[in-house]
Every structure is written in structure tokens, then in C-alpha cells.
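S.K.: Listed below, chain by chain, are the residues.
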Amino acid sequence: MKTFEERHTAWVDGKLSPAESASVEAELASHPEAALGKEEALALGSLLRLHGQAPKLANPEFFTHQILARIEAEDRLGRAPDVEKAKPAFHWPVVHLGWAGVCSLLVAFILFQMFVKPQSAVPRQTANVPLADLVSAPTPLPSSPETGYGAEIVSASSPDPNISVTPVHSTNDRVTVLWVDGLDYLPASYHPH
Amino acid sequence: MRPEATESNEETRADELHLVAKCQSGDTAAFGELVTRYQNRAYAMIYNMVRNEQDAWDLAQDGFVKAWKSIGRFRGQSSFFTWLYRILMNVTIDWLRKKQIEGGTEFDDTKAMGQIDAGAVTAPRDEPAPLANLSDKEIRSRIDGAISRLSEEHRTVVILREIEGLEYQEIADAVGCSIGTVMSRLFYARKKLQTMLKDVYENL
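First to last, the sequence lines map onto chains F and D. No gaps in the numbering here: position 179 of the first sequence is 301 in our numbering, and each next residue is one more. No gaps in the numbering here: position 191 of the second sequence is 829 in our numbering, and each next residue is one more.
So that you can see chain F by itself, here it is in the shape it has in the complex:
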């Protein structure tokens, strides 16, 4: 339902059906102070159109010149127009980018499930563990329910470049051996269990 103001405006501008116009005119008859009459509104409109028009632009050549001078000055300051945006090499709205991101994550998750997760059923400890800590580590790591291994040492290294460490493990024997070359002595912290 339109307000009286909206209907009055439409009536002044001749946008109402005869029935709607009659309804507005009836309201105006009972509240003449509420709004200006149609003739007054039309007179006001023609006054504005006849005498309210803008004067002509003085010195249009200078107007153009001044704009171009401003543009050149701004270009010199490095504020050239946004030309690259006119022909983007690749343009996707945010929604498309969002969907692309979701799909990428989904594919990555599936690949992870297919190729990475089965191999990591046994908890791995892949680390550059300092040799001294490794040799002397007395704390048992949590064991895998499938294999019973506490941990599988995938690689090991020594901070001493003269010492190399190679982990060797046997699934059948459920044992891992660290093959250490170049170790002349056992660290003082080593306590066999």
C-alpha cells in the first residue's frame, strides 16, 4: 500500500489510473493543506524547467585543457588509469574462486587418503634427532596396534659431519638397528636398558 505522499507524487506526474487519481483528489478535497494542488505543482515544475536551467559552460576549451593538464600531472605522479583492469588476463569473481578453492581442497584430501595415509599407519618418527639423544632415548614411544612397533625410525642424522647414521629395521624381527659409522665413543649420557 503506497503512502499518501507517494500517491500524491504519482498523481502530480500523471502516473495514476483515473480511479486512483479520483481517490487522491478526494483526499485532497478533505485535506487541502496537506499538499499542493496539481496546477500549482505543474506551475512549479515549469518554473524550474524554464528558469532553473544551468547557464552555459563558460570557456569550454579551457575546461578540457584543465582536465587534461590535471590528468597529465597525475600520470607523472604515477596515478595512471586502471588500464590493467580493462583486459585482465584472468578474471574470476570471488564466488568462482571460492568454489575452486573448495574443489582443490577436496581433491587434495582424496589424494591424501589414497596415497599418503595407508603408508602412515605406523607412526613414523622422521627427524634429525641428535645422535646422543637417539642413542640414549630411554622412553618407549607409543606402539602401533597393528604392528606392535613403538616407532619406526625412517632416518637419522648426526650433527657431526664425520659420523653417519643409517636406520635399518626388520619387520619380522620387530627390531630397528641404527648403523653408526665414525662413532669413536659412546656419549656419556648413554645408559643401556
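The hints are simulated quantities; they were obtained by calculation from the structure and are not laboratory data. Yeah, the Cβ is synthetic: ideal placement off N, Cα and C, and Gly gets one too. All clues stand as given, with none of them false.
EDC-like cross-link-like pairs, simulated, lysine to aspartate or glutamate; straight-line CA separation at most 20 Å:
id : chain 1 : residue 1 : chain 2 : residue 2
1  : F       : K160      : D       : D837
2  : D       : K829      : F       : E162
3  : D       : K704      : F       : E196
4  : D       : K829      : F       : D135
5  : D       : K707      : F       : D197
6  : D       : K707      : D       : E671
7  : D       : K736      : D       : E691
8  : D       : K737      : D       : E691
9  : D       : K707      : D       : D732
10 : D       : K660      : F       : D197
11 : D       : K829      : F       : E128
12 : D       : K660      : D       : E649
13 : D       : K737      : D       : D782
14 : F       : K178      : D       : D774
15 : D       : K836      : D       : D782
16 : D       : K707      : D       : E654
17 : F       : K178      : D       : E691
18 : D       : K829      : D       : E802
19 : D       : K829      : D       : E791
20 : D       : K704      : F       : E194
21 : D       : K704      : F       : D197
22 : F       : K178      : D       : D696
23 : D       : K660      : F       : E194
24 : D       : K829      : D       : E840
25 : D       : K829      : F       : E161
26 : D       : K707      : F       : E194
27 : D       : K737      : D       : D700
28 : F       : K124      : F       : E149
29 : D       : K704      : D       : E671
30 : F       : K137      : D       : D811
Computed Cβ-Cβ distance ranges for the label pairs, DEER-style:
id : chain 1 : residue 1 : chain 2 : residue 2 : range
31 : D       : E805      : F       : C225      : 40 to 46 Å
32 : F       : H153      : D       : T674      : 48 to 54 Å
33 : F       : E147      : D       : R713      : 45 to 51 Å
34 : F       : K178      : D       : D732      : 21 to 27 Å
35 : F       : Q235      : D       : E805      : 57 to 63 Å
36 : F       : L233      : D       : D653      : 50 to 56 Å
37 : D       : G783      : F       : K124      : 31 to 37 Å
38 : F       : K124      : D       : E776      : 35 to 41 Å
39 : F       : V216      : D       : L842      : 55 to 61 Å
40 : F       : K178      : D       : G783      : 20 to 26 Å
Chain F is already provided as a structure; the job is to place chain D on it using the hints.
M.R.: Here is chain D on its own, set in the frame of chain F:
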């Protein structure tokens, strides 16, 4: 002065798009041609809103410079002038809002409806002088004064409707409000102008 209605033909539009493409590759001379083509309409539209030649000149300049900076985003979905018109409108409305915040006051029509002290020594400043022989310049001055006393919202809709000749939907798009709001603002803007200019249009 409707932007869509003034587009003459396909040839003009193709020429215009060609100029825009040149602008998008950084050709300032092509932009100069577009400025020459539309500066009168742009200036008139802004003048009608601000009612001051110097302000209209400055705002039109700002609008064209802004258009140059944004021309890369023009995709040809509307005519160039329709696109430019929105930029000019935004520049002008922002300026009017800022000016109003900085101290402009809207016309209070209760004053002109009998609440002026009967014993006042002088007539209120905007009360009209005798109107028997108002010159065009004086009529224009009265109109400018009346329009400048409207709020930015009322001024915009009444100018776009009465002088620019836009439809309600076009005004709603330009201003960013509903058609109902446009119609309601028009009602009050006309009513206020009637109060201020009644003696002028009744004596013409």
C-alpha cells in the same frame, strides 16, 4: 536530459566505444574528445544540483578526472554518458553531503507558514521582494536560493525529476534508494519549494 535518451545512433555508440578503448590504453587525447563531447551536459547536471558556477566547474573537473582513473573498469554495458553520469552524480552527492555536514541547514517550512514574529522590524532575508517585474536573473536567483535551502536528499530528487526529466526508477538507481523513497522525497521537496517560490510562479 536523460543519458539513455540522448544517445543518437549505433554509429555514435561505436565511435564512443572506440574512443573509450583508446582511453583504456592510455590515450589522453581520446579522453579529451570525450570531455569535449559531454562537458556541457556534465556541467549543467552538476550546476542544477549545486546552483553555483564555480562549484559546478570544480566538481565537473573532479568527476572527469575520476572517470579517467576508472575508465579501465568501463565494460560498455551502458552508454559512456550513463556511466559518466553515475560518477558525476556520486561526486556531487558526496560534496553536497559534506557541505551539509559542515554547516548547511535545511529550509524549515514552518517558519514561512506564519510563525514569524508579527512585530519583526525587517522581513526575513529570504522573503521575496515585490515581484511585478522580476528579471530572469532575479527569478534564477530566487530559484537558486530556494533549491540551495533544500536538504541534499530533497534537492537531488527534485532536480533529477523536474529539470533533468528522469523517471522515478532512474532517480532511484542514481541515488541508491527505493522508488517509494524517491516519490516521498519528491512530495516534500515540491511542498517546500512551493512555499518558497509560490509568489514567483504565481506572478509569472
